[in-house]
Amino acid sequence: MPTFQEYLNGIKGEIQELDTTELKDHMDNGKKLAVIDVREQDEYSQGFIPTAHWISRGFLELRIEEAVPDKDTELVIYCAGGTRSALAAKSLAAMGYTNLVSLKGGFGAWKRNGYAFDVPELLTPEQAIRYSRHTMLPEVGIEGQIALLKAKVLCIGAGGLGSPSALYLAAAGIGTIGIIDDDVVDSSNLQRQILHSTERVGMPKVESAALTLTGLNPDVQVVPHQLRLNSDNAEEIIGQYDLVVDGADNFQTRYLLNDVAIKLAKPVIHSSIYRFEGQLTVFNADGLPCYRCLYPEPPPPDQAPSCAEAGVLGVLPGVMGVLQATEAVKVLLGLGTTLAGRLMTYDALRSKFRELKLRPDPECKYCGEGVDKSKIELIDYTQFCMVGG
Amino acid sequence: MATVRIPTPLRKHTDGKEEVSAAGSTIDELITDLEKNYPGIKARICDESGAVRKFVNIFANEEDIRYLDNLQTPVNDSDEVSIIPAIAGGVA
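Protein sequence lines correspond, in order, to chains A and B. Under the working numbering, think of the first position of the first sequence as 1, with each following residue one higher. Under the working numbering, think of the first position of the second sequence as 1, with each following residue one higher.
By construction, these hints were calculated from the structure, which means they are not laboratory data. Any given hint might turn out to be false.
[To be verified] Below 30 Å or equal to it, Euclidean Cα-Cα: the simulated BS3-like pairs (lysine-lysine) are:
no. : chain 1 : residue 1 : chain 2 : residue 2
1   : B       : Lys54     : A       : Lys357
2   : B       : Lys54     : A       : Lys266
3   : A       : Lys32     : A       : Lys104
[Unchecked claim] Estimated spans, in silico, between C-beta atoms of each pair:
no. : chain 1 : residue 1 : chain 2 : residue 2 : range
4   : A       : Pro120    : B       : Glu62     : 44 to 50 Å
5   : B       : Asn76     : A       : Pro69     : 48 to 54 Å
6   : A       : Val315    : B       : Thr3      : 43 to 49 Å
7   : B       : Asn61     : A       : Thr198    : 45 to 51 Å
Given the structure is predicted, the values throughout are model-derived calculations rather than measurements. Each residue gets a CB set at the ideal place from its N, CA and C atoms; glycine is no exception.
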């Protein structure tokens, strides 16, 4: 039986090796090759050769075909010093990879030569467990989860819609969640506003929301904005975020938000509810309609649905808010097809979803053709229907 | 007769009915017929000049009539017409 050293020497005799200087030359010359880092996560996390794809030695055979489907690709495999990569090269050759080399001296030699390296963004071990059901989806992966952790989402309202959407956004690991709400928790809210609880009656909603959301996920930084959006503060606040989830309870805020969002090019996940019915869409996606393309102007107070008719099935905003969170995550990750350009309506009494086509209005005074969006003037519409649904 | 979906805020005009039938070969005729059976409903949909209000949309099946022939958009008996007004609520 050979000793390990004899075994290794045998393998090194069978495989090809490449010097770090040669690899550097190849990379500088733009040579097409796939570089695979087979070290463990704690080593990789300290730095890696630029462009390298990391697959730890233990998962190499399982995952290499996904990373490098063409078995004739020129492959450079490296580890810390050149031993594990030699073993890896032998194994990949047995899998049919025809054009592979092991990097002599590995990452250690690369670093000693003073060549540049990148430091990866990684999840902490706690995050790796918390978000494992996300990261195991190839459409999300570690990169997608890191993107969510860096994302900044503004929730307008910590009420019926804002409660479920903010909860799922926090659970999903959206790193920064801003909440705008100037109200305090009232016991009549608790039939649907699941961010809050009985013992928090009287507490500002933004404060209650922050307690609930950080309790659910300590990765989330909650930014409370205990105020009402107006033409003076809207640009400054919305400008800090990547995306807005609109759960407002009044037309004044919805139109103001639309106009600011166009000005600042921020997507808005829109939903509104009334009794047993909900509407949902995504506004301001590139080239797709805005709120004013659909409804150019708010109704005058006497035409707005009367507050006296108010009332809403408590679970309805739950359904709509969760759909908003779904659309928000899709927009942030660039996944699938969002509702931009489609209005989804939900009729809870009949258990029916319907879909209507929305078109950008070329004549829209806010997002239409030839409009200088930077010059949009913000309007504070007279406030009406404060009570909301 | 085409089916017209009545949004919640307008159902007080239709005795609470969510869907009603209306006669006519265009959207305009449908609205006239609606007004005949449910007086007061037209004023909620159209302004004084007869145009559809700016916070209301009418869809013939899934298409916004503003991008078809507006009030002259033809309708068949098998069509479903939806009246979709802006609603504000998020229930804060």
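Worksheet item: Hints broken by the structure, by number, lowest first?
Response: 6
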